[in-house]
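*Asks:* Listed below are the residues making up each chain.
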Amino acid sequence: DAGITQSPRHKVTETGTPVTLRCHQTENHRYMYWYRQDPGHGLRLIHYSYGVKDTDKGEVSDGYSVSRSKTEDFLLTLESATSSQTSVYFCAISERRTGGKETQYFGPGTRLLVL
Amino acid sequence: GQQLNQSPQSMFIQEGEDVSMNCTSSSIFNTWLWYKQDPGEGPVLLIALYKAGELTSNGRLTAQFGITRKDSFLNISASIPSDVGIYFCAGQEAGANSKLTFGKGITLSVRP
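Here the protein sequences come in this chain order: C and D.
Be aware that the first sequence starts at 35, since it is given in the numbering used here, and climbs by one per residue.
Be aware that the second sequence starts at 69, since it is given in the numbering used here, and climbs by one per residue.
Extracted from the complex, chain D is given alone in its bound form:
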């Protein structure tokens, strides 16, 4: 089935640094979503993107819908300890009945 690629599996950064992560697909998507999951909790929606080239911010987070429609990027600026967690991307192909496909997530660690 469809797969989304997120790599690396883990990232380690220093508090205050910026971090960028991306998600790639072999198919064209018309929706990209970014989620964050804390231990023992459900994924929480961070940013939703619906148009190629769209750039959307949510506080220190900025995400972009790639022009090719096969990728998306998430940037976190000036990281803080509470940014620790797993970041998932999800994409949806065009079509009324298409389902979301999820990446396996990137675990972000922030050193104080």
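Next comes chain C alone, as it looks inside the complex:
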């Protein structure tokens, strides 16, 4: 199994509070991703990182920010949580092969409930 951990694994919070989720890898992979998974939508990319301090937006980035100060850690912050951000959040890591081809490995997920 890829060495990816996510913390916390479960969280309940209230609307309007900030929340930070952490992804930690031991594989020294360059690329890291944050996805959310919701019924009927599948996996949707929130933000990703292609190196320390290098991040970019995905398709559902509104209301989220990220930071990557070390290769091994990628943080996702919900600046002011809303009920629509209740979801399961997955972190993924990858290295890119020649031609940009990549294989992503996923963490165990964080279940977030915003009341």
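Keep in mind that the hints were calculated from the coordinates and are not lab data.
A quick note: this is a predicted structure, and the numbers were derived from the prediction, not measured.
No false leads were slipped in.
Taking lysine-lysine pairs in the DSSO-like style, the calculated list, with each CA pair at most 27 Å apart, reads:
| hint | chain 1 | residue 1 | chain 2 | residue 2 |
| --- | --- | --- | --- | --- |
| 1 | C | 91 | D | 167 |
| 2 | C | 135 | D | 172 |
| 3 | D | 167 | D | 119 |
| 4 | C | 135 | D | 119 |
| 5 | C | 135 | D | 167 |
| 6 | C | 104 | C | 87 |
Given the coordinates of chain C, work out where chain D should sit on it, guided by the hints.
*Replies:* Structure of chain D alone, referenced to chain C:
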């Protein structure tokens, strides 16, 4: 945005049967990945495919990268109860900065 089509949403089979599922795209991909997700867990990579026509096996699982590069197939032979789960496909277009696109998954149930 780009979408991958996986259908049907659910499949029900008898233990011991073979099952086949496919994934189609409107775009040409240069990578196809197949994942399995158990309840409460993250997706686990089953098979990765990088060349058109490539056929790769992982135990009872076999996946193929379609010749048109717009589809991929996953076969599970002699199904067992632990094959239950959600099977996702993911594809990636050519390009150094292209992202993975995911299908919505097929939920497989296996009757003992």
